[in-house]
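If you count by my numbering, then the sequence shown holds residues 5 to 64, one letter each, in order.
Rather than coming from a laboratory, the hints here were simulated on the basis of the structure. Misleading hints may appear alongside valid ones.
Claimed, not checked - Using 30 Å as the maximum straight-line C-alpha spacing, the simulated DSS-like pairs for lysine-lysine come out as follows:
(1) 31 to 12
(2) 31 to 61
(3) 16 to 31
(4) 12 to 61
(5) 16 to 61
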Amino acid sequence: MNSFCLTKDVAKMLNVDAQTVRELFVKHYDELLEVGEINMINDLAILWSPEMIEYIKRFV
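Could you put the whole structure together from the sequences, leaning on the hints where they help?
Shown next as structure tokens:
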């Protein structure tokens with residue numbers, strides 16, 4: 005699986021709102037850097053890799 009998702013799509017997958025996903029991203033930023041490369045379209049649009057999604061699931 006090598007497709008990337010936007011924050012709103014990750015929120016739908018995890019059944020939470022996008023703000024919660026953004027807060028988890030900020031809170032766990034350093035750990036996510038270790039999981040894989042963080043790709044951003046701009047300051048607001050994060051491209052979530054499957055590995056990042058799997059990691060963040062633990063905190064929802």
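Okay, the hints, checked on the actual structure:
no., hint, result
1, 31 to 12, "18 Å, holds"
2, 31 to 61, "13 Å, holds"
3, 16 to 31, "20 Å, holds"
4, 12 to 61, "14 Å, holds"
5, 16 to 61, "12 Å, holds"
Taken one by one, the earlier hints all hold for this structure without exception.
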